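*Asks:* What follows is the residue order along each chain.
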Amino acid sequence: SAVISQKPSRDICQRGTSLTIQCQVDSQVTMMFWYRQQPGQSLTLIATANQGSEATYESGFVIDKFPISRPNLTFSTLTVSNMSPEDSSIYLCSVDVGGTEAFFGQGTRLTVV
Amino acid sequence: DQQVKQNSPSLSVQEGRISILNCDYTNSMFDYFLWYKKYPAEGPTFLISISSIKDKNEDGRFTVFLNKSAKHLSLHIVPSQPGDSAVYFCAATKANQAGTALIFGKGTTLSVSS
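For the protein sequence lines, the chains are A and B, in the order given.
Just so we're aligned, residue 158 is where the first sequence starts under my numbering, counting upward by one.
Just so we're aligned, residue 216 is where the second sequence starts under my numbering, counting upward by one.
Quick caveat, the hints were computed from the structure, so don't treat them as lab data.
Keep in mind that this is a model prediction, so the values were computed, not measured.
Even for Gly, the Cβ is constructed at its ideal location relative to N, Cα and C.
Some clues are possibly wrong.
[Unchecked claim] Residues on chain B that point at chain A, a partial pick, calculated with CB under 8 Å: (1) R232; (2) F245; (3) L249; (4) G258; (5) F261; (6) S264; (7) L317; (8) F319.
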């Protein structure tokens with residue numbers, strides 16, 4: 158298993174600003190994933206972050222809007238840039254252990270006003 | 216187009232009765248399915264999974280059934296308890312491909328009343 162610490166747990170931000178979300182894992186993992194859950198929607202994959210290489214983004218998500226860092230095997234950050242109210246969501250980081258079961262952080266509830 | 220669908224946004228059940236949560240998928244490449252439970256202000260936690268080589272997996276009060284021909288799976292909770300009240304997400308993936316992300320349904324909110 159893996160224990161994932163994600164912070165901040167919640168934030169209220171002004172439109173046009175940026176927020177960086179941090180994700181710390183208690184063990185070394187190859188892949189980390191960032192998801193978004195908009196109100197009433199499923200968890201949607203934003204990007205996959207592999208240590209030492211650029212993140213791979215899903216359709217509809219771009220690096221300029223959601224830059225990701227992965228400096229080592231236990232840590233990653235997701236930045237939500239130039240925020241608008243449409244970015245109000247829960248953002249979750251996740252790690253893949255063994256290719257099947259995934260573990261999640263507690264999420265960051267972002268409200269953009 | 217949603218590849219994993221949970222068509223019931225909510226379900227209400229009395230304590231002690233059975234809860235049945237349903238999930239349909241469209242991608243025949245999926246061969247591993249998971250259920251996650253999510254409480255407010257917490258991340259999803261893994262509940263139970265099933266490989267496509269099986270049609271049933273049981274863990275205590277939780278049983279997952281898979282009907283591959285119908286591309287349908289269901290989660291049965293027996294007996295239901297008030298602490299089971301949460302949002303339940305169905306997810307699918309291709310097994311043993313490290314780095315393959317999960318595809319989630321929209322979730323079903325289960326309310327168990329005492």
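*Asks:* Determine for every hint whether it applies to the structure shown.
*Replies:* Hint by hint, here is what the structure shows:
{"no.": "1", "hint": "R232", "result": "violated (26 Å)"}
{"no.": "2", "hint": "F245", "result": "violated (12 Å)"}
{"no.": "3", "hint": "L249", "result": "holds (7 Å)"}
{"no.": "4", "hint": "G258", "result": "holds (4 Å)"}
{"no.": "5", "hint": "F261", "result": "holds (5 Å)"}
{"no.": "6", "hint": "S264", "result": "holds (7 Å)"}
{"no.": "7", "hint": "L317", "result": "holds (6 Å)"}
{"no.": "8", "hint": "F319", "result": "holds (4 Å)"}
Of the numbered hints stated above, those contradicted by the structure are hints 1, 2, listed in ascending order.
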